[in-house]
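Here full-length UniProt numbering is used: position 161 in the sequence shown is 161, and no number is missing along the way.
It should be emphasised that the hints constitute simulated quantities derived from the structure, not laboratory data.
A few of these clues could be false.
As the list claims (entries may be wrong) - Dumping the calculated DSS-like pairs for lysine-lysine here, alpha-carbon to alpha-carbon at most 30 Å: (1) Lys63 with Lys47; (2) Lys52 with Lys63; (3) Lys84 with Lys120; (4) Lys46 with Lys84; (5) Lys86 with Lys46; (6) Lys282 with Lys52; (7) Lys410 with Lys351; (8) Lys86 with Lys63; (9) Lys28 with Lys63; (10) Lys410 with Lys86; (11) Lys120 with Lys213.
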Amino acid sequence: SPIEIKLSSLSVSEEQAEQRHVAEEAEKEYQTALRMINGTNRKSQKKELYEKLLKVAWKGHHKAMEKVAYAMLFGDYMTQNIPKAKELFEKLSLEGSPKAQMALGFLYAAGLGVNSSQAKALVYYTFGALGGNLVAHMILGYRYWGGVGVPQSCESALTHYRLVANHVASDVSLTGGSAVQRVRLLDEVENPGSTSGMLEEDLIQYYQFLAEKGDVQAQVGLGQLHLHGGRGVEQNHQRAYDYFNQAANAGNTHAMAFLGKMYSDGSEYLSQNNETALQYFKKASDLGNPVGQSGLGMAYLYGRGVPVNYELALKYFQKAAEQGWVDGQLQLGTMYYNGIGVKRDYKQALKFFNLASQAGHILAFYNLAQMHATGTGVMRSCHTAVELFKNVCERGRWSERLMAAYRSFKDGDMDGSLVQYLLLAEQGYEVAQSNVAFILDQTEARIFSENETYPRALLHWTRAAAQGYTVARIKLGDYHFYGYGTDVDYETAVIHYRLASEQQHSAQAMFNLGYMHEKGLGIKQDIHLAKRFYDMAAEASPDAQVPVFLALCKLGLVYTLQHMHDLNMTELVSQVDLDQLLGPEWDLYLMTVIALLLGTVIAYRQRQHQAVPPRPPPLPAPARPPQEQPQPEDQVQPEVPPQAEEEQQ
1 SPIEIKLSSL SVSEEQAEQR HVAEEAEKEY QTALRMINGT NRKSQKKELY
51 EKLLKVAWKG HHKAMEKVAY AMLFGDYMTQ NIPKAKELFE KLSLEGSPKA
101 QMALGFLYAA GLGVNSSQAK ALVYYTFGAL GGNLVAHMIL GYRYWGGVGV
151 PQSCESALTH YRLVANHVAS DVSLTGGSAV QRVRLLDEVE NPGSTSGMLE
201 EDLIQYYQFL AEKGDVQAQV GLGQLHLHGG RGVEQNHQRA YDYFNQAANA
251 GNTHAMAFLG KMYSDGSEYL SQNNETALQY FKKASDLGNP VGQSGLGMAY
301 LYGRGVPVNY ELALKYFQKA AEQGWVDGQL QLGTMYYNGI GVKRDYKQAL
351 KFFNLASQAG HILAFYNLAQ MHATGTGVMR SCHTAVELFK NVCERGRWSE
401 RLMAAYRSFK DGDMDGSLVQ YLLLAEQGYE VAQSNVAFIL DQTEARIFSE
451 NETYPRALLH WTRAAAQGYT VARIKLGDYH FYGYGTDVDY ETAVIHYRLA
501 SEQQHSAQAM FNLGYMHEKG LGIKQDIHLA KRFYDMAAEA SPDAQVPVFL
551 ALCKLGLVYT LQHMHDLNMT ELVSQVDLDQ LLGPEWDLYL MTVIALLLGT
601 VIAYRQRQHQ AVPPRPPPLP APARPPQEQP QPEDQVQPEV PPQAEEEQQ
């Protein structure tokens, strides 16, 4: 009846209204939680906020569900739970979420929570890319570039990488964006004194102490660190402004210019203001500061607070470029490329873009990539264009995951760190590929079974080696030499060592080739070639000189025995069968003895050089010159953050 139909329609509309109300409430809760997450650095508080996000996700809020799923996948502020993350990703994927589709592709590619399937991974990555997910595009770009699970295709890689690079370049401001910190775990573990470019907390506090005491150099350095982020310091525009303001009040021209840049760009903390920016740029420029000159050039180029004047823009950019300032070089290249205020000149554009790229400016890489991709001013080169676009893509906001993975590693969360590095490795980050292999090589991760560890490590060493990482190439040789994750294959080991020796001039690879020539492993035994490779290793690296000396001592004994054999002293040689006397590892015993002898000699010589206070002789004797007292080592002052240059990443 009409009444029943009307009641039915009313109940439906009430239900829809209720659903809308729930959705609106969930959106409010999501935005509130998100603001609070972004506004705090306290880990305990973030954990509580992610619990709130979880409640919002259960109300069906898709974005909250995505964040919770990724948090469960990586173990970010939530307990790592890969099966539960997979369940959420599958639900979101069915509802058309490109982020979830990309994540499922990653799970199938890495074999996390599912049986590894490169075919399924490719399908999900493709769906994610079609939905506009930039990480999926980046992964596909790397796969086509390296031929990973798909036929190698430079043009297909170019299509994907260019699309991502367009977005990354559009997000880059004059201040260059955040810096990308690539920490290599192997280097850090093998060289504990190395900080991999990171600033220790106590060193940062020391700089802060200096800044508070009025040290202008420390104020400008800390201002730049907080402006861009990097070296273990999070991006914080408020703190950057405070430090620059203190230094500018003390008359520092760099601080004035950077304040101008902050006002010119604007941020959540500082409202964009062309007039104020112009005042700071003018002050700095009048005192000859290249950053201020470049800022004035931008003002005249785009008419920010002044009428557009290409002639003046060119003049200020030239002044800045002459002092080596990267923004001046970049903008000169742009003016010559587009013929703005000057006659179009691609050779000049190429020159200035190359200069700016040497300082690491993202837009310089991007412009060079465009020129090589289209053959503008240069011979078209798909390979060069892809490498340059790849460099740009790796400076995108997802690069922040590198530091998150590193922090997880430092906190002892090997599984969380491994999963994060695995995703970055899928995106083509060579440092992530080598870090994945390193973590697996240490056999500390628990998310993979023991029999999977070395084969997976071998796969990632292979990918890192293909991108030119020397240590990865040597590791491949080691894996084939010892049979880690594969069968023992001396011939393949020789191939990898030879590549590392010839292409990267690795002393370790040369030493290994010397040993294999000496033993005749995978290659014809040749003592003369063995000596040549040992000598080459010693020349290539001072660190190799001691092991080379030991190896040559052993080789001398082997050569003597062989020479005696050649002189028909068979009976004597047969009585000195070292393999039978000491076992097949006799050469290691011999090298150990030689090493001990060498250590004794070194220790004795060091004692000879130590300061020994002369004793007064009991009887008159000829005067002896007192031994020279060693001078105390100069205390090394910690490096102060640079003030003249800015990381353009």
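Hint check:
no.	hint	in the structure
1	Lys63 with Lys47	17 Å, holds
2	Lys52 with Lys63	13 Å, holds
3	Lys84 with Lys120	19 Å, holds
4	Lys46 with Lys84	20 Å, holds
5	Lys86 with Lys46	22 Å, holds
6	Lys282 with Lys52	49 Å, violated
7	Lys410 with Lys351	42 Å, violated
8	Lys86 with Lys63	16 Å, holds
9	Lys28 with Lys63	12 Å, holds
10	Lys410 with Lys86	26 Å, holds
11	Lys120 with Lys213	59 Å, violated
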